[in-house]
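Top to bottom, those sequences are chains A and B. Going by the working numbering, the first residue of the first sequence is number 1, and it counts up by one from there. Going by the working numbering, the first residue of the second sequence is number 1001, and it counts up by one from there.
Honestly, I wouldn't trust all of these hints.
[What the hints assert, rightly or not] Listed below are the simulated PhoX-like cross-link pairs for lysine-lysine, each with C-alpha atoms no more than 20 Å apart in a straight line:
#, chain 1, residue 1, chain 2, residue 2
1, A, K225, B, K1030
2, B, K1089, B, K1291
3, B, K1030, A, K210
4, A, K149, A, K225
[As the list claims (entries may be wrong)] Which stretches of chain A does chain B cover? Using the computed rule of at least three CB atoms under 8 Å from a CB of chain B, they are:
#, segment
5, 95 to 105
6, 133 to 139
7, 178 to 190
[Claimed, not checked] Covered stretches of chain B (chain A as the covering partner; in silico rule of three or more C-beta atoms under 8 Å from a C-beta of chain A):
#, segment
8, 1044 to 1050
9, 1089 to 1097
10, 1322 to 1335
These aren't lab readings, by the way, just hints derived from the structure by calculation. Beta carbons are placed, not taken as given, at the ideal position from N, Cα and C, and that holds for glycine.
The residues making up each chain are set out below.
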Amino acid sequence: MEDKKKPKSTSEPEKPSESTKASSGVESADEVVGASAEGTGNESKEDSVPRKPQKPTGPAGATSAKKNPPKRRPIKKGPTYEDLENDEQVQFLRERFGDDLDSAQSFLGQKILTINPASLFDALSFLREELDFDYLIDLTALDYQGEEKRWCLVYHLYSYSSGHFLRIKSRICEGDVPASVTPIWKVADWLEREIYDMFGIEFSGHPELKRILLPADWHGHPLRKDYDIKLQDQSWVKKHLKIRKIPG
Amino acid sequence: MSRETILDTRELEINMGPQHPSTHGVLRVKLFLDGERVQDCECVIGYLHRGVEKISENRSYIKCVPYYDRTDYIAAVSNVYGYVLGVEKMMGIEVPEKARYIRIMMTEFNRISSHLLWLATHALDIGAMTVFLYCFREREEILKLFEALFGARLTTHAFRIGGLWKDFPAGFEEAARKFIKEFPDRIDEYEELLTNNRIWIDRTKNIGIISAEEAINFGLSGPPLRGSGVDYDLRKIRPYGGYEEFDFEVPVGNNGDTYDRYIIRLAEMRQCCRIIEQALDGLPEGPVRGKAPKIVKPPVGEYYSGIEGPRGELGYYIVSDGSAFPFRVRIRPPTFISLQALRRLVRGHLVADVVAIIGTLDIVLGEIDR
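From just these sequences and the hints, can you work out the full model?
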């Protein structure tokens, strides 16, 4: 995704008059919701250019305007991450885990706790046993490619008795093997298999860690950011679908 | 694994699916049998995997929407609803009152149509042919309503970020009112055919029992969870989109068997009618499309938007890095998680009951495989 954007953005300054036309066209369109199918990819990059239709002052004027952006439309202040240190549950956890609880925040009213992977399993079983988070809603991973701690495991928990909703995050490095939470919640079985399938993260102590959605002999993990959307396991396709020549 | 057979006979492994009509799609279940008793089973899924989550990362927020129609094609309206709500929350977009009401109304219509399809196929699997035809008769009416409002019957692309595509067409309200007026009688008709039917009771009572504690541990949601007596409905627990303004009940079972789950779904359809009636009565005037920017760029952050779909908790975990493309959209599929409990539910039952249990979980393979 990133790669596709770069070459386009270099060609941008060469034709500024076109870009202003395009953005002014957007401005006048009545339809609010359905963005035109073609335009969205390009328009997203033109957002740094002032959106109001401006008189074309030639290529030089447009580029200088870009360097020191004048009168931007006032940006509506979006939601931000808020600190959550004073929360009762957070303090309870802080007492038990100390610095292993990296941060406690809330975003749009949803609590997010970041926990050091070393004590992740302990923390989760503590939440299950002591704070009664008996329902694992969802378990998934995020790929921050290029960062030292590449993966982020995300657990969504819910407690039937107290009605609390909680998100636990934990950043791990590539090659780390976090402990499986199947002993705590049986639902984690397939969810962890899906993460293994899609990201290639292995879990220790999982009853049978194998691919779930993709074929067993597939190579690669599609939800990684370095796995291009058009990429597929050519050798698998050739072998099983008997396609001699794959177009593209 | 301890799978000893009774008469010291050889354990038999048979395949059910992926082309078996009662597996409701391309689900392959490997059954390990002792005579006709199921010792164990293994689900093989993924035949319909299209990588919707990967596609989402490569499309703009608006262009993602039609793909979610196609995950659970039977409940397309609810599927879009969860995602659209999440993006609106992150962007801080206000949806007009009228659009909110229409959304709730259409989602409930969708719940009815989804439950009707479930009842039809579930009854057909177990051997009641008539109900199938009756259910499809009513479902057709709902699909006609969808077609009138959204322009499509199944893959509706129902809601847009910020509101709706357009307002009701002429005659829509009357048609909707007519439907909910007649529909409770139709449910009575189904009940007459099934609820006290000796064969139906024999085939569903005490089949696939799961306790409340276990159901929670297996992550079940929706009717399978409520059948076990857990009062968990996101419309009540974390109300979204204005459900707190509506008056309805959440039916709950006691035994956690196939029969209870059937009773619950029927009761839910009656509640849907109540909600739709309230929405029609209180329908405000005004526009149906709010102010949404052309380019949807939620601020850096994350949000989990969960709704109560017909099959259970349907969640969208949206992570934004501030660009026009989602950093990640994770779909929490209700039936992917329910299907996991199949292995636990079928143990010790007959092969014919496996069909009933798969039916009672109300799975949709399009959503399981995504």
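Tested hints:
1. A:K225 / B:K1030: violated (34 Å)
2. B:K1089 / B:K1291: Holds, at roughly 13 Å.
3. B:K1030 / A:K210: Holds. B:K1030 to A:K210 sits at ~16 Å (cutoff 20 Å).
4. A:K149 / A:K225: holds (14 Å)
5. 95 to 105: Coverage by chain B is violated here, the residue count being 0 at a Cβ distance below 8 Å.
6. 133 to 139: n = 5 at 8 Å, threshold three: holds.
7. 178 to 190: holds (count 5)
8. 1044 to 1050: Satisfied; 3 residues make the cut.
9. 1089 to 1097: This one holds; 4 residues, not fewer than the three required, reach chain A with a Cβ under 8 Å.
10. 1322 to 1335: Since three or more residues must qualify, the claim that chain A covers the segment 1322 to 1335 of chain B holds, with 7 doing so at under 8 Å.
Checked against the numbered hints given earlier, the structure breaks hints 1 and 5 and satisfies all the rest.
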